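S.K.: In case you want the letters, here they are:
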Amino acid sequence: MSNYPVVQVFLYALLTALATSLGALPFAFIPTLSPRLAAFANATAAGLMLGASFGLVVEGTRHGPWATLVGVAIGVFFMLVTQRIIRDRGHEGEFLGARGAGAQRMLLVIVIMTVHSFAEGAAVGVSFGGGGTLAATITLAVAIHNIPEGLAVSAVMRPQGASILSCMWWSFLSSVPQPLAAIPAFIFVSRASGALPYGLGFAAGAMVFMVLVELLPEAYERAVARSVAVVTSLTLIGMLLTQHFL
Amino acid sequence: MIVGTAASSLDVLTLGLAAALTASLGPVLLVVSTRHIKRTLGHANALAAGMMLGIGYVLVTAGIQAAAVGATLGAALGVVVMYWVHVALGIGDTLDGDGKHRPLVAAIVHATAEGIALGAAAALGHTMAVVVAGTLALHNASESAVTASQMTMAPHSGRRDSFLAVLSNLPQVVIGLLVFDVATRWPASLGPLLGASFGAFIYLCLSELLPASYHGAGRTGIAVGVTVAAGIVALVSATA
Numbered sequence: 572m573s574n575y576p577v578v579q580v581f582l583y584a585l586l587t588a589l590a591t592s593l594g595a596l597p598f599a600f601i602p603t604l605s606p607r608l609a610a611f612a613n614a615t616a617a618g619l620m621l622g623a624s625f626g627l628v629v630e631g632t633r634h635g636p637w638a639t640l641v642g643v644a645i646g647v648f649f650m651l652v653t654q655r656i657i658r659d660r661g662h663e664g665e666f667l668g669a670r671g672a673g674a675q676r677m678l679l680v681i682v683i684m685t686v687h688s689f690a691e692g693a694a695v696g697v698s699f700g701g702g703g704t705l706a707a708t709i710t711l712a713v714a715i716h717n718i719p720e721g722l723a724v725s726a727v728m729r730p731q732g733a734s735i736l737s738c739m740w741w742s743f744l745s746s747v748p749q750p751l752a753a754i755p756a757f758i759f760v761s762r763a764s765g766a767l768p769y770g771l772g773f774a775a776g777a778m779v780f781m782v783l784v785e786l787l788p789e790a791y792e793r794a795v796a797r798s799v800a801v802v803t804s805l806t807l808i809g810m811l812l813t814q815h816f817l
Numbered sequence: 584m585i586v587g588t589a590a591s592s593l594d595v596l597t598l599g600l601a602a603a604l605t606a607s608l609g610p611v612l613l614v615v616s617t618r619h620i621k622r623t624l625g626h627a628n629a630l631a632a633g634m635m636l637g638i639g640y641v642l643v644t645a646g647i648q649a650a651a652v653g654a655t656l657g658a659a660l661g662v663v664v665m666y667w668v669h670v671a672l673g674i675g676d677t678l679d680g681d682g683k684h685r686p687l688v689a690a691i692v693h694a695t696a697e698g699i700a701l702g703a704a705a706a707l708g709h710t711m712a713v714v715v716a717g718t719l720a721l722h723n724a725s726e727s728a729v730t731a732s733q734m735t736m737a738p739h740s741g742r743r744d745s746f747l748a749v750l751s752n753l754p755q756v757v758i759g760l761l762v763f764d765v766a767t768r769w770p771a772s773l774g775p776l777l778g779a780s781f782g783a784f785i786y787l788c789l790s791e792l793l794p795a796s797y798h799g800a801g802r803t804g805i806a807v808g809v810t811v812a813a814g815i816v817a818l819v820s821a822t823a
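Protein sequences appear in the order of chains G and D.
Quick note: the first sequence uses my numbering, first residue 572, plus one each step.
Quick note: the second sequence uses my numbering, first residue 584, plus one each step.
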């Protein structure tokens, strides 16, 4: 379980963060992102994340079904508490020079991005406890999933006149917590092998929560539910197949 | 690859009928809970979606174990067929349902997918059949509350809606028996059938149940409801 060097875990997680910057590239060719395309990007990301979560739960239940479920519950609870803290902090006034609702929105976006990335980084780190195949598939899923996230960051920055390089840089920065979270998560499950199903469940719970709270509702707002469903379902199935054969 | 004791056609018939009959409870919930009805229905949809995701997880895990490529192809086919059926019947054109009968048609389509799941699960063994039928029973109660609410643009009648809810769920008994027969005669079909039911479940969950639940209640409550329901179903099946 602890056969993997920490550097490898860091590099895998860094790769997922770097993939986020690829989301800026389409803006070199198109001026803006249509709502329909944004919806499909979100739907694809949702399918990838759900597929990755399935993989984490399958691996977790091999080590302990109850512990995995407890891990899922902790993951969901963690995200709930974070949401609550963000909401409460938003009323306190000033943040980075902005006040009131503007400050709350900015804080919300930054903290959500960080927590979001933290959960994904933890998933990559924990997945090394389940073996190289699981680690590779989860890394791949998170990396591909990050591209639409970079797309979302760039979609806000590009119309304001930001350069492609700047969009790529800020997209990458939004995912920097991933390599930082992956290492402690990996060390934790390596030192305490009994924690592995809890860790796998935690990562799955946090990711499913993000899919249900952020990705899917935003996709439904921009495209017909049928189209969102077909894209998400087929991506999820593709992800399951990839996990099986990788 | 039967797990535990084998199931019989009689098991499929009785379990399927029991699951279909619980659909009658949904409209009762609708009569009892007149306050905050939109929110109640949102949560009912979330629970139904979570159970469908949980059962989907159980089915696809078994399907991949039986035949990975077959199960995946079956899953993709399940998604595509359900999408095509929705487009052809105009299901999901509007969120609230756009007539008295269209929600009923949607419920029949759901019941067909559930029948495939029940039949394929029964081919895996008696325990799996009981787990899937039990989950479908709970799911049907939540689902029929929503279906009834969409049909009540006409004068409301709990008894009539309960009857229609059970009736719309009867295809799952017939399809369940048919699929069970096919899967036991040709074991090679089990993987694709399990995959097909998973694909259909995921698509239905994402195209109908989840959008409707977001429409009725907040994102956070829905996320918690779906995750808890899916987790419990997955745990029950893992420990059964």
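These are computed hints drawn from the structure, not numbers from a lab.
Keep in mind the model is a prediction, meaning the values are calculated, not measured.
Please note that the accuracy of each hint is not assured.
[Claimed, not checked] Beta-carbon label-pair distances, calculated as ranges:
(1) GLY673/D - THR603/G: 51 to 59 angstroms
(2) THR710/D - LEU582/G: 40 to 48 angstroms
(3) GLY804/D - ILE601/G: 33 to 41 angstroms
(4) GLY673/D - GLN579/G: 47 to 55 angstroms
(5) LEU744/G - THR803/D: 24 to 32 angstroms
(6) LEU672/D - GLN579/G: 27 to 35 angstroms
(7) VAL757/D - TRP740/G: 37 to 45 angstroms
(8) ALA771/D - GLY732/G: 56 to 64 angstroms
[Stated by the list, open to error] To spell it out: a stretch of chain G is covered by chain D in this simulated footprint if at least three of its residues, at any positions, have a beta carbon under 8 angstroms from a beta carbon of chain D; those stretches are:
(9) 592 to 603
(10) 791 to 803
Backbone N, C-alpha and C define an ideal beta-carbon position, used for all residues, glycine too.
S.K.: All hints, please: hold or fail.
M.R.: Hint by hint, here is what the structure shows:
{"no.": "1", "hint": "GLY673/D - THR603/G: 51 to 59 angstroms", "result": "violated (32 angstroms)"}
{"no.": "2", "hint": "THR710/D - LEU582/G: 40 to 48 angstroms", "result": "holds (44 angstroms)"}
{"no.": "3", "hint": "GLY804/D - ILE601/G: 33 to 41 angstroms", "result": "holds (37 angstroms)"}
{"no.": "4", "hint": "GLY673/D - GLN579/G: 47 to 55 angstroms", "result": "holds (52 angstroms)"}
{"no.": "5", "hint": "LEU744/G - THR803/D: 24 to 32 angstroms", "result": "holds (27 angstroms)"}
{"no.": "6", "hint": "LEU672/D - GLN579/G: 27 to 35 angstroms", "result": "violated (51 angstroms)"}
{"no.": "7", "hint": "VAL757/D - TRP740/G: 37 to 45 angstroms", "result": "violated (59 angstroms)"}
{"no.": "8", "hint": "ALA771/D - GLY732/G: 56 to 64 angstroms", "result": "holds (60 angstroms)"}
{"no.": "9", "hint": "592 to 603", "result": "violated (count 0)"}
{"no.": "10", "hint": "791 to 803", "result": "holds (count 8)"}
Checked against the numbered hints above, the structure breaks hints 1, 6, 7, 9 and satisfies the rest.
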